[in-house]
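Chains as they are written, first to last, in this note's numbering: chain C, 1 to 227; chain S, 228 to 712.
Hints listed in this document are in silico derivations from the structure and should not be mistaken for laboratory results.
Be careful, since some hints might not be right.
Quick partial rundown of chain C residues pointing at chain S, CB under 7 Å, derived from the structure [said to hold, decoys possible]:
| no. | residue |
| --- | --- |
| 1 | 9 |
| 2 | 11 |
| 3 | 12 |
| 4 | 15 |
| 5 | 18 |
| 6 | 21 |
| 7 | 22 |
| 8 | 24 |
| 9 | 35 |
| 10 | 76 |
| 11 | 102 |
Heads up, simulated DSSO-like pairs for lysine-lysine below, C-alpha to C-alpha not over 27 Å straight-line [stated by the list, open to error]:
| no. | chain 1 | residue 1 | chain 2 | residue 2 |
| --- | --- | --- | --- | --- |
| 12 | C | 113 | S | 491 |
| 13 | C | 57 | C | 70 |
| 14 | C | 171 | C | 142 |
| 15 | S | 484 | S | 523 |
| 16 | C | 200 | C | 120 |
| 17 | C | 113 | S | 484 |
| 18 | C | 70 | C | 120 |
| 19 | S | 484 | C | 57 |
| 20 | C | 120 | C | 142 |
As the structure is a computational prediction, the values presented were derived from the model and not from experiment.
Every residue, glycine too, gets a C-beta built ideally from N, C-alpha and C.
Residue strings, one per chain:
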Amino acid sequence: MRVLVIEDEERLAANLVAALREIGLAVDHAPDGIGGEQFAHQGVYDVIVLDLMLPGKSGVEVLRSLRQAKITTPVLILTAREGKGSIVELLNTGADDYLSKPFDLGEVLARIKALIRRGKGAAHPVMLVADVEMNTLEQTVKRAGQTLDLSPTEYRILEYFMHRPRAVVSKRELLEHLYDYDWEHHSNVIEAHISNLRRKLDANGAEPLIETLRHRGYRLREEREIQ
Amino acid sequence: MTTRRSLTKRLIATVLLLELAAAAILVGAAVVHERQIRMAALDVMLRGRADTLLGAVQDAEDEADDVMLDRTGLSIPRDDIFRVTDEKGRVLGDSRAEETAEVAAALPSGDGINTMKIAGHRYRVIRFRGVRVVDPGRTGGGVAHIITAFYGLRADHVWHEVFEAVRFSVIATLGLLGITALVMVWLVRRGLAPLHELASHAERISLREGRFETPEKAKETAELSPLAAAIESALARLQRSLEQQRRLTSDAAHELKTDLAIAKSSIQLLAMRTRTVEEYQRGLELCMDDYTRLEKTVQQMLTLARVEHGDRIDRSTPASCDLRTCVEESIRQSRQLAELRQIKVHFGQAEESIVPAEERDGLLLCSNLLLNALQHSLPQTIVEVGIACAEGEVLLTLRDRGEGIAEEDLPHVFEPFYRGDPSRNRKSGGTGLGLAICKAICDRAGGDIRIANRPGGGAEAIVRLPRSASVSAEDSGRLKPAVGD
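Isolated chain S (complex conformation) (with noise of 0.2 Å):
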């Protein structure tokens, strides 16, 4: 099983990380600021023990006016290193000798502050030079003497405060960071409420009742009501087309169940009381009849199933048919009804025309059309059968002359078992299926079909197919009208 990524988890994680991030940026940025601070105090009170120091360089009140350092009323912090030499390199004064050499050494030429590391500490380090004249009130200004010097303090506990300093608020930080999660975990679950409804309203969903009220919450929601909506209508098409299911269930039962009881209705009588010879021709007569209709409805219902549902396994080898000789035989199959009718079929020029549907639904689809316009015609008119050609595609048109049908079942014709007029119905001898078998063949080749009225009077149906590439038609680039005049 593939593992889900879960919205509400990435989301909060996304925002935990920025708000960490944000934090720590803070947090470095406070260092960097306290550091400053406190390192810019420290200077300060380099620069004043420095100063300090100075001071106490003294006249040595010897003969070569020397200098010295007067270590009296001084105090110098056991930790700070220091060391005083006059122009001549005579140390005046230092902290502690091995390390004072040791930092002389390791400074920088020129006065300034640094920082270094001496014996395993950080120190901050000043070096400077000041002049000391001794006996200045001598004639000749007495003997100026330039002290180099440098003093040290120790930084460690800087760093140390300044971690004192931030610890705070990075703890507040993390605590704040840690309420944040919890309430955004609270908040996420929360607007993410509409969602479960809808997914808890849309688990109860029942296609019996077919219902589905989209909860309050989430039509309110601007992300959530197309989701809705399209549940909604995706429903309603299940509903519906299981609707049509339901009733061509119910339609070809009653359908069955009618013939059935003409069928069996029949036999009872014959058999309710000793007949003679004729009487149980003319039954038996009539209970052939009575199968034959029966047996004619199961065959339709089939033919609707197999071209509706019908295995599509042979998409590879696509089934093609000739249109042009479907209708040659339709028109041969149904001579007789047409001449008993009085009635002629007018079918004229047309090239070959594949249609990608199988040579039975190809005529199937040909002689329904052509029966029932036989059927409706009015005696001594003419049916018109026309194929033409266009670009890809293929029109079959049959116009009657008759009665037509009624506006109101126009949208209906192609139902199974739609009755428009149901006393007619079956005096016509039609099962209510040849137009839906139509369709269904058309929907399969993936054309279409439709059936208007006439001006003058009568119907006219209209075919249109696919068509299929073929050897002899590479020739048909613009519409050819093909019916006669």
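Bound-form chain C, shown alone (with noise of 0.2 Å):
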């Protein structure tokens, strides 16, 4: 999953990223509100943790740009403002959720990992697709009741699959999901830890979960499908 922090504070934003990545996220950092607007308008991101206050453009003119052009990603408003009046444009303007600063850093962590389920329609942190069972709290992941020891990679390669069951998924829309601007990234490395998630998963003799259709990606299978 990838996030966008839009935010102008050095300090504030080196400790998101870190916060984030730690928890097995890509993120990308804007910070001011044009460069922001504009890593937002190329759709990739799962989630956008947006300031309010910002040099270039405000915080709620990007989150409005955002909505005008039909871009649905999830929006978590960071603020200083005080008042509930602002809170109400805000989310009439179309944020989906906001804290106030001084805000507590697990709060954030768990309100982005909210937004990203619930923008892919999982409102559940344990997720359940074929015998396949993931619990994005714990990120541990069993098939047929046996946990997985899945890298990180290979978890988060996953998790996007979960998110997207019976869907094709393209090499370039994993890559652009599972890397920040920060990561080299080839498409064979997503082949290598597409394989390793593989023979990881189908290691018991099981169905192969995760199917390659030539020149268009993969594809989560569903239990029925298995059966």
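Two chains, two frames, a set of hints: combine them into the complex.
Here's what the structure looks like:
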């Protein structure tokens, strides 16, 4: 999952980015409204963390332009402003959630995870697809009751598939959503990770879960198709 | 509680008093006039009666050819008094002997009409003389008798009649006065209605809304429109300063919350998982930096509050410091930063410049301005600091060579937390309060500060402070440029 942090306060942004990366998210950072808007318009983010007081372009303006461009990425607003009025205005403009500064870092992370889940249509932190059970809080994966030992990248790839069962996911999409600009990424890296993931998932001779669709990408199969 | 004077009451009382005086004069004039007329009429009657009396003096038909008063056909009212005497002093006839004697004694000699008081009554008495000739047909022309007489009419009723005649006008005037008073009370109330309306509008002023609509009536009233305008402008000023306070509070809250958010998140990030000793050390350093920043912001806020609103009890012993030593000290303190940024600070010769500010404030002013200049200077440039003393004032100037200040930011640089270029504000390490503190210090000392861009790049800060009397400052008569070259 990939997060965009638009925050002009360098130290705060650094802390946020570091924390988000620690929970296994790909993070891009924009220090001002204009750059942040450009990033956001690419539509590759699963959640956007937006500060309100930004140089160049205010957070509200960025939000409005995103919603006008039909970009529905969930947006979490960080604000130091007081008052219910501005919060109502923000939510009406299209914000999905907000947190007042000074916030609790754990709360920010939890809300970001919740926004990602809800953005993908899953309300519960434990997801079930076929006989795979993924706990996004503990970051553990079980197949048929058996706990699997996945690397962080493998986990992230599987998480992305779990959010989009039966949908065809291209390599490009995976790259866009799993890596930020700070990473050097090549499509064969993805292939290597998927190959490892398949090996671990199908270790006990189970049905192959991830199928390859030539020139189109990958797909996570649902239970019905397996049986 | 002091009794309040009512304009309405005073106005009404004044007008009523004037009216009353006018009425009194009018009534007095009417009385005098009426009396005059009545008296004239009385006198005419008096003369008529006197003539009749004289006409009644007849030939007595006796040897001595005397005259007598023939009372037949003479009807004299009971109240009238008269006496007729001939030249020999013989009384030919009188009304009541006692009274007439009294009158005769009191009556001044000579003909004419007099007013006198007899037996408790006021009389109008005429004294006259006539000649009566007995047997004028006889040879020798007959005997001439000189008749002296007086006749008096009671005049008491004249006054009575005068008052009767005037009474109506007096009552009418008083009635009119009463009606005018009532009408005036109503009119004055009505006339003052715009004032009451203005007052009730002013009563409803709420600082939260800060709106004051002058009622139309008050706007149209010449006497009230300046008051209304004054209320409006006072409210606007109050509103502005309140707005400033509100913004300052909200900006301060924003600043503190941001600093707190950073400090808190740094610690929470560090605590997310177990880390290596090196990671902890690095994290703690960052936390320390964040807290230092927070501390600095709080410190600056407190300084601003102290300078802006600090108690002014020590006015009796005015604070003073030497601006020159403040500049020297601030240059000493910022030497490291200047060296780091490869900037030279030039401070020309200056005389002792005592200004009415506390020493810490003077130092704060100089070091804030100098740090500002150093931060915005390009490397390998020169910051020029100069002090010039003129009659009664000290001029401190700081000139740097840097990017200067954006034109649109110039009017706002002294506003607390003003973020001209927000992305730069925090990176430069400033809290956004430095210049606001400088301005507050200058204001408190009774001086001013301005910042302008220099031709050729860079900015110039000019501080003007009143010069305090000092033992060694007696020779400062003219402006002495203190900046080198």
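Outcome of the hint check:
{"no.": "1", "hint": "9", "in the structure": "holds (6 Å)"}
{"no.": "2", "hint": "11", "in the structure": "holds (5 Å)"}
{"no.": "3", "hint": "12", "in the structure": "holds (5 Å)"}
{"no.": "4", "hint": "15", "in the structure": "holds (4 Å)"}
{"no.": "5", "hint": "18", "in the structure": "holds (6 Å)"}
{"no.": "6", "hint": "21", "in the structure": "violated (10 Å)"}
{"no.": "7", "hint": "22", "in the structure": "holds (6 Å)"}
{"no.": "8", "hint": "24", "in the structure": "violated (12 Å)"}
{"no.": "9", "hint": "35", "in the structure": "violated (10 Å)"}
{"no.": "10", "hint": "76", "in the structure": "violated (14 Å)"}
{"no.": "11", "hint": "102", "in the structure": "holds (4 Å)"}
{"no.": "12", "hint": "C/113 <-> S/491", "in the structure": "holds (20 Å)"}
{"no.": "13", "hint": "C/57 <-> C/70", "in the structure": "holds (19 Å)"}
{"no.": "14", "hint": "C/171 <-> C/142", "in the structure": "holds (25 Å)"}
{"no.": "15", "hint": "S/484 <-> S/523", "in the structure": "holds (14 Å)"}
{"no.": "16", "hint": "C/200 <-> C/120", "in the structure": "holds (25 Å)"}
{"no.": "17", "hint": "C/113 <-> S/484", "in the structure": "holds (24 Å)"}
{"no.": "18", "hint": "C/70 <-> C/120", "in the structure": "holds (16 Å)"}
{"no.": "19", "hint": "S/484 <-> C/57", "in the structure": "holds (21 Å)"}
{"no.": "20", "hint": "C/120 <-> C/142", "in the structure": "holds (21 Å)"}
Checked against the numbered hints listed earlier, the structure breaks hints 6, 8, 9 and 10; every other hint is satisfied.
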